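Given only the sequences and the hints, what does the whole structure look like? Please build it.
Number of protein chains: 2
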Amino acid sequence: MKTLCFWYDFASTYCYLSAMRLQKLAASSAIKIEWKPFLLGPIFQAQGLSSSPFNAHAAKGAYMVRDMQRLTAEQSIPFKWPEMSDGSDGFPRNSLLASRVALVGAELGWVEAFTCAVFRAEFGEGADISNADTISEILVKIGIDPLETLKLTQSPSIKQKLREDTERAVLLGIFGAPSFTIGEELFWGNDRLESAFAWAQIAE
Amino acid sequence: MKTLCFWYDFASTYCYLSAMRLQKLAASSAIKIEWKPFLLGPIFQAQGLSSSPFNAHAAKGAYMVRDMQRLTAEQSIPFKWPEMSDGSDGFPRNSLLASRVALVGAELGWVEAFTCAVFRAEFGEGADISNADTISEILVKIGIDPLETLKLTQSPSIKQKLREDTERAVLLGIFGAPSFTIGEELFWGNDRLESAFAWAQIAE
Chain A
100 MKTLCFWYDF
110 ASTYCYLSAM
120 RLQKLAASSA
130 IKIEWKPFLL
140 GPIFQAQGLS
150 SSPFNAHAAK
160 GAYMVRDMQR
170 LTAEQSIPFK
180 WPEMSDGSDG
190 FPRNSLLASR
200 VALVGAELGW
210 VEAFTCAVFR
220 AEFGEGADIS
230 NADTISEILV
240 KIGIDPLETL
250 KLTQSPSIKQ
260 KLREDTERAV
270 LLGIFGAPSF
280 TIGEELFWGN
290 DRLESAFAWA
300 QIAE
Chain B
100 MKTLCFWYDF
110 ASTYCYLSAM
120 RLQKLAASSA
130 IKIEWKPFLL
140 GPIFQAQGLS
150 SSPFNAHAAK
160 GAYMVRDMQR
170 LTAEQSIPFK
180 WPEMSDGSDG
190 FPRNSLLASR
200 VALVGAELGW
210 VEAFTCAVFR
220 AEFGEGADIS
230 NADTISEILV
240 KIGIDPLETL
250 KLTQSPSIKQ
260 KLREDTERAV
270 LLGIFGAPSF
280 TIGEELFWGN
290 DRLESAFAWA
300 QIAE
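Those protein sequences? They're chains A and B, same order as listed.
Heads up: the first sequence begins at 100 in my numbering, then just goes up one per residue.
Heads up: the second sequence begins at 100 in my numbering, then just goes up one per residue.
No wet-lab data here; the hints were simulated from the structure.
The model shown is predicted, which means the values in this text are computed figures rather than measured ones.
Take these hints with a grain of salt, some might be off.
Negatives, chain A to chain B, calculated, CB over 12 Å [stated by the list, open to error]:
| id | residue |
| --- | --- |
| 1 | 163 |
| 2 | 169 |
| 3 | 220 |
| 4 | 290 |
With a Cα cut of at most 27 Å, we get these calculated DSS-like pairs of lysine-lysine [to be verified]:
| id | chain 1 | residue 1 | chain 2 | residue 2 |
| --- | --- | --- | --- | --- |
| 5 | B | 260 | A | 159 |
| 6 | B | 101 | A | 159 |
| 7 | A | 159 | B | 250 |
| 8 | A | 260 | A | 250 |
| 9 | B | 240 | B | 123 |
| 10 | A | 159 | A | 179 |
| 11 | A | 123 | A | 240 |
| 12 | A | 101 | B | 159 |
| 13 | B | 101 | B | 123 |
| 14 | A | 101 | A | 250 |
| 15 | B | 159 | A | 260 |
| 16 | A | 250 | A | 240 |
| 17 | B | 260 | B | 250 |
Note that CB positions come from ideal geometry on N, CA and C, so glycine has one too.
Structure representation (structure tokens):
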């Protein structure tokens, strides 16, 4: 069975779009999806950016919000911009905790359900997914014990796994998210999801 | 008749893809295309970049070349990377002269033919379109007098028009190319060409 790796950062708006589309696409193909959370922060830092490119470049950021409004409407999924409790801008959310929980889920078999639930809460409802209480609520909703899981995120092996996967992403030439890899063939952006599937179909 | 503005910089690889697709898309719709050459240089400078983002970020640049290989193959159009005469990298080409010639063409009715011929020479054959001889050859091929045209590019009104159009692009929120606008609605990237057409169809 062919494997397509879906590289995502929980802070990324366009990863939300892809996560919501992946299940359907995967169902209609014989491609196995590997859900790969990683951190864009260190990658953007290496590009000289201290935050998301959408915050560094105001015009690009304003466009992305408009683009997301149009694309979520097309996909018929909700869209609510992340805000702080005082109403100020909450983008990008810190994705470290959610990424570690997802890696626990990858080991225990619920990474897909968790990932989709996090993206839906974050960009569909505006939830603060950097918050442990929010993550706990999401875990409860998908039937996973939050206390035990949050404890596991503090294990050295999970922390190390996230660092290693982020380094692996860099080695694969990944510079943004979502990215899709089939072996060493790289596709960047939600707009390339179908192309990545097509590539996986014909890959050796 | 609805108008879709196609904002392009002659140095941009993805603008090549859109230029090659526009004619066909326009023929099958009742949308008028306005060909708008402008300069990304000042816009990238305002973002703190001294060259193309594809040169500033090596991984992004390497990916773009691979992406272009795949996309030109899909579109069945040739792709040859711009090189200098000594074999060193020729990307991005200086697009100032070609942009001014295109603006002359916009006044005289041959902007589309010229634009497509330049992109084909640049990225289909690797030609150095910053060179006046190359531009002259292209003009001859499309049946335009090169000497008279090159003289017109030196007129203050053409130079001023390019500056004004670039400023207009910034006011429209444009931060990269290709971009497409229908009124003030902005679409960025070759991947949004179909969406831009769809928007133009339903726009008031």
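For each hint, the structure was consulted:
no.: 1; hint: 163; in the structure: violated (9 Å)
no.: 2; hint: 169; in the structure: violated (7 Å)
no.: 3; hint: 220; in the structure: holds (27 Å)
no.: 4; hint: 290; in the structure: violated (4 Å)
no.: 5; hint: 260/B / 159/A; in the structure: holds (25 Å)
no.: 6; hint: 101/B / 159/A; in the structure: holds (26 Å)
no.: 7; hint: 159/A / 250/B; in the structure: violated (37 Å)
no.: 8; hint: 260/A / 250/A; in the structure: holds (16 Å)
no.: 9; hint: 240/B / 123/B; in the structure: holds (21 Å)
no.: 10; hint: 159/A / 179/A; in the structure: holds (18 Å)
no.: 11; hint: 123/A / 240/A; in the structure: holds (21 Å)
no.: 12; hint: 101/A / 159/B; in the structure: holds (26 Å)
no.: 13; hint: 101/B / 123/B; in the structure: holds (17 Å)
no.: 14; hint: 101/A / 250/A; in the structure: violated (34 Å)
no.: 15; hint: 159/B / 260/A; in the structure: holds (25 Å)
no.: 16; hint: 250/A / 240/A; in the structure: holds (18 Å)
no.: 17; hint: 260/B / 250/B; in the structure: holds (16 Å)
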